[in-house]
Each structure stands twice: as C-alpha cells, then as structure tokens.
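In case you want the letters, here they are:
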Amino acid sequence: MKLIPTASQTVGPFFSIGLAHMHQDSTKINSANAQTITGTVVDGDGRPIPDCVLEFSTASSFARVPTSVEGEYSVNVEAETTLCEVLLFMRGLLKPVYTQVYLCDAAKARDAITSKLVPQDRIGTLIAQPGIAAKQFVWNVNMQGDDETVFFDY
Amino acid sequence: MTTPIEGREGRKKTQPPYLFPGYVSTQKRGPLKPLILLPENSSSLFRPVFGRDSVRPTDADLTRQHAGEPLGERIIVSGKVVDDDGHPVRGALIELWQANAAGRYHHHLDTHAAPLDPNFTGCGRLLTDAQGAYSFVSIKPGAYPWKNHENAWRPAHIHFSLFGAGILSRLVTQMYFPGDPLFARDPIFNSIPDEAARTRLISTFDWQTTKPEFALGYRFDIVLRGSKSTPMETDHP
Numbered sequence: 004m005k006l007i008p009t010a011s012q013t014v015g016p017f018f019s020i021g022l023a024h025m026h027q028d029s030t031k032i033n034s035a036n037a038q039t040i041t042g043t044v045v046d047g048d049g050r051p052i053p054d055c056v057l058e059f060s061t062a063s064s065f066a067r068v069p070t071s072v073e074g075e076y077s078v079n080v081e082a083e084t085t086l087c088e089v090l091l092f093m094r095g096l097l098k099p100v101y102t103q104v105y106l107c108d109a110a111k112a113r114d115a116i117t118s119k120l121v122p123q124d125r126i127g128t129l130i131a132q133p134g135i136a137a138k139q140f141v142w143n144v145n146m147q148g149d150d151e152t153v154f155f156d157y
Numbered sequence: 094m095t096t097p098i099e100g101r102e103g104r105k106k107t108q109p110p111y112l113f114p115g116y117v118s119t120q121k122r123g124p125l126k127p128l129i130l131l132p133e134n135s136s137s138l139f140r141p142v143f144g145r146d147s148v149r150p151t152d153a154d155l156t157r158q159h160a161g162e163p164l165g166e167r168i169i170v171s172g173k174v175v176d177d178d179g180h181p182v183r184g185a186l187i188e189l190w191q192a193n194a195a196g197r198y199h200h201h202l203d204t205h206a207a208p209l210d211p212n213f214t215g216c217g218r219l220l221t222d223a224q225g226a227y228s229f230v231s232i233k234p235g236a237y238p239w240k241n242h243e244n245a246w247r248p249a250h251i252h253f254s255l256f257g258a259g260i261l262s263r264l265v266t267q268m269y270f271p272g273d274p275l276f277a278r279d280p281i282f283n284s285i286p287d288e289a290a291r292t293r294l295i296s297t298f299d300w301q302t303t304k305p306e307f308a309l310g311y312r313f314d315i316v317l318r319g320s321k322s323t324p325m326e327t328d329h330p
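Chains as they are written, first to last, in the working numbering: chain A, 4 to 157; chain B, 94 to 330.
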C-alpha cells in the first residue's frame, strides 16, 4: 500500500526569504572548472519572469539560482557536465516544472535517450546554445508559446 | 493517508494542475503544450538532488534569530517525513519561510501595509532526525491580502521546501492552520482537486506538543514521492 504524497503548493513571490541561503555563490566558483549557463525565463506574453528560482542537478552537483528583475539567471555547473535536470519554481506555478538542458553538440543531444521521447521540432528547446566564449552557454526557458520549452511529466 | 493511489491518474486528483483559472498567475506561466511522459523507471528521476546545507540549532527557532522576541502567538510545529512506502526520510533538509504575525513578509516586494517586525525574519531550516521527525519553534503567521481577485486574502500558512532522495521527492508546499475561515475562497488551497489531499495540508492542533506556559503545538506530517530514502546524515560530504 502506497501512501499519497503531500500536495504541492506554489513557492509564491517571497521564496528568497527561505531559499536564498542556498543560492549559488558564483564568486566561490573556480571558473577554470566550470561551465556557465545564462538565459531568460519568459511567460506566455514573452515577458521576463523576475520571481523564478531554478534548480540544476547533475549526477554529482546541485545549484540553485533565482532570476533577476529582468528574468535572467546565470548558473555555474561542473566542466564535464553534458546534461542537467532542471526544476523551475515560481509564483503562478502550483507545482514545479521539470525539464532538462543538454550542454553538448546538438547531434549528440538528439541521440540522447530522453530526447528520443521528444518531438523533433521541440528538441531544440532542451539544447543550450554555445555562448560568446568557451564553456559558456545560453539557454532560455519559455513557459508557453510556439517555442514553449519541453517539460516532462513525472 | 493509506488510500491507494494509481500513478498519473491519481496524481491529477491529489496534486494541483499547472493551469487553474482561479489563480490568475497560472494563466501565462503554466505550460500549455502536452508534457512529455518520462518512463517511470527513467534514470533521471532517481538521480539524487543535493539539497544539503549546514544547519545550526538556531535555524530551527525562528523566535531566537534577533535581539528581541517577535510579536505573535508562539507555536511549535512538528511532524514526520516519510516516503510513499511509509519509511522515514532521514536527514532531509527542510527549508521554511513565512509572514510575521501581522501578515507581512520580510521582503522588499511585500507592500502590504502591515508592520514589519524587527525581531522576525521568517526564515528557518532543519534536518529530519533518524526517525524522519522534525520540530521547530516560530510564531503563527498572519493572513494577508493579495491582488489575485477582489478582496483576496491568503489563509495563514508556512512555506515548506523539502529534499528527499531525488527529483521525484523534491517538494515545495504550504502548511495551513485548522479552522481558517479563508480556506473556502483561496484558489491556491483549492487548486488541489481531492478534498482529502487538500485537508492534509492543514496542520492539526496537538496537546502532546503544546508546552505549558510556552507555546501551542501543531502537527504536520509529510509524505514524499519515491521510495528510496535519503542517505543517513553521516553519509553527507
């Protein structure tokens, strides 16, 4: 007999009171050993979402970052990382959305097991684009719209 | 708590949806395209999330974080965190945040015209013990208005964030207080379709943990998804 898991509720707009202590401190990251992902989280009207918090998990690390007033985030992950599991929490989400981001060339990402579940025309939303410098990536999250990011049911 | 639940169909009743018209902010933020079903045994779901942090004893007493004591009704909230097999989740990090007794958050974006309390931040964190139990001291938060609809008020609540074994067990929720007259009109509370599941977010008043001449006790038990409990605290790096 399985117990019923406790219901989720929104983080609301003031989550930083409770969650900020684990926001990633990028000044403590040795950039030689890190890759940086930056991006903007936007709503169905294309407006940036300033009250979102993202959690990136890999096999061996965890990083939590909030968005800025412009809806932008920046996170450092370990240099070898090719796939992050990502949860996004925000006001207006009664439960988190779960997605993934690939930090490798597009052909490799398209070969990855999970992405085979995803329609070809939406796979691109899970692949970070190379940034202006080495080890930098850009990955935007669209909550809705033609380019809505792929979110997983789990 | 022992009613059987059947996978995704069951969760549609016991968990809120992404789009809930009564909660206006969901309309432009909840996904509209179909979610991609991950296989139940997908390894991604069992990858650990490392929500670990050093926790000091004062982090579990929200009334002792400043020079003076906060105003309000002192409370002791305790409970047990178990996985969906009923096994205790040990060493789970719980993060808490809440409004003060007047219904005001210690946050620059909270513009409610209620007083801030210089002796209350409303931030706490703690780890569950070897039995999955937790307990913290705080003050009862006040109800507060929000702009979702005409004369909208949130029932008093405490935000909980929990890390279990992996993605599946990551939970953010809100604990409510028994008998709140605001439940009936709160879209966030009522976004959970199943009445029993909704009711389980309401703590119960508890004489056992009520301390004479000190504080009222409330009990709030939590069930996390996933059956592999988190490693013992001693395994933490």
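There may be inaccurate statements among the hints.
Said to hold, decoys possible - Going by beta-carbon spacing under 8 angstroms, a handful of chain B positions derived as facing chain A:
id, residue
1, Phe-113
2, Ile-129
3, Asn-134
4, Phe-139
5, Ile-169
6, Ser-171
7, Lys-173
8, Asp-178
9, Val-265
10, Gln-267
11, Ser-284
12, Glu-288
13, Ile-295
14, Leu-317
Said to hold, decoys possible - When the alpha-carbon atoms are kept at most 20 angstroms apart in a straight line, the in silico PhoX-like pairs for lysine-lysine are as follows:
id, chain 1, residue 1, chain 2, residue 2
15, B, Lys-105, B, Lys-126
16, B, Lys-304, B, Lys-173
17, B, Lys-304, B, Lys-233
18, A, Lys-111, A, Lys-31
19, B, Lys-121, B, Lys-240
20, A, Lys-119, A, Lys-138
21, A, Lys-5, B, Lys-126
22, A, Lys-5, B, Lys-240
23, A, Lys-5, B, Lys-106
24, B, Lys-126, A, Lys-119
Please keep in mind that the hints were generated in silico from the structure rather than gathered at the bench. Small disclaimer: the values here were computed from a predicted structure and weren't measured. All residues carry an ideal CB built from backbone N, CA and C; glycine is no exception.
Now the hints, each set against the structure:
Of the supplied interface hints, the one on Phe-113/B holds, with its beta-carbon coming within about 6 angstroms of a beta-carbon of chain A, less than 8 angstroms. A least Cβ separation of about 5 angstroms between Ile-129/B and chain A falls short of the 8 angstroms threshold, and the interface hint therefore holds. For Asn-134/B, the shortest C-beta to C-beta distance to chain A is roughly 11 angstroms, which exceeds 8 angstroms, and the interface hint is violated. Violation of the interface hint for Phe-139/B is found here, the shortest Cβ-Cβ separation to chain A being roughly 11 angstroms, above the 8 angstroms cut-off.
The interface hint given for Ile-169/B is violated, since its Cβ lies 19 angstroms from the closest Cβ of chain A, which is over the 8 angstroms cut-off. Hint status for Ser-171/B: violated, given a least beta-carbon distance of 15 angstroms to chain A, over 8 angstroms. The beta carbon of Lys-173/B is not positioned within 8 angstroms of any beta carbon in chain A (closest approach about 11 angstroms), and the interface hint is therefore violated. For Asp-178/B, the interface hint holds, since its Cβ comes within 8 angstroms of a Cβ in chain A; the closest pair sits about 7 angstroms apart.
For Val-265/B, the interface hint holds, the least distance from its beta-carbon to any beta-carbon of chain A being 5 angstroms, beneath 8 angstroms. For Gln-267/B, the interface hint holds, the least distance from its beta-carbon to any beta-carbon of chain A being 4 angstroms, beneath 8 angstroms. A cut of 8 angstroms between beta carbons decides the hint on Ser-284/B: the least distance to chain A is about 5 angstroms, and the hint holds. Look at Glu-288/B: its Cβ only gets to about 11 angstroms from chain A, farther than 8 angstroms, so that hint breaks.
Among the interface hints, the one on Ile-295/B is violated; its C-beta lies about 11 angstroms from the nearest C-beta in chain A, farther than the 8 angstroms criterion. Here the hint on Leu-317/B is kept, as its CB sits about 6 angstroms from the closest CB of chain A, short of 8 angstroms. Simply put, Lys-105/B and Lys-126/B have alpha-carbon atoms about 17 angstroms apart, close enough for the 20 angstroms limit, and the pair holds. A C-alpha spacing of about 19 angstroms is found between Lys-304/B and Lys-173/B, which places the hinted pair at or below 20 angstroms, so the restraint holds.
Using a Cα cut-off of 20 angstroms, the hinted pair Lys-304/B and Lys-233/B holds, with the two alpha carbons roughly 15 angstroms apart. With a C-alpha separation of about 31 angstroms, the suggested pair Lys-111/A and Lys-31/A falls outside the 20 angstroms cut-off, and the hint is violated. For the proposed pair Lys-121/B and Lys-240/B, the alpha carbon gap of about 16 angstroms is at most 20 angstroms, so the pair holds. Note on Lys-119/A and Lys-138/A: the hinted pairing is violated, with a Cα-Cα distance of about 26 angstroms set against a maximum of 20 angstroms.
The suggested pairing of Lys-5/A with Lys-126/B is violated, with an alpha-carbon distance near 30 angstroms, which exceeds 20 angstroms. Among the hinted pairs, Lys-5/A with Lys-240/B is inconsistent with the structure: their alpha-carbon atoms are about 38 angstroms apart, more than 20 angstroms. For the hint linking Lys-5/A to Lys-106/B, the alpha-carbon distance of about 15 angstroms falls within 20 angstroms, and the restraint holds. Restraint check for Lys-126/B and Lys-119/A: the C-alpha separation of about 17 angstroms stays at or below 20 angstroms, so the hint holds.
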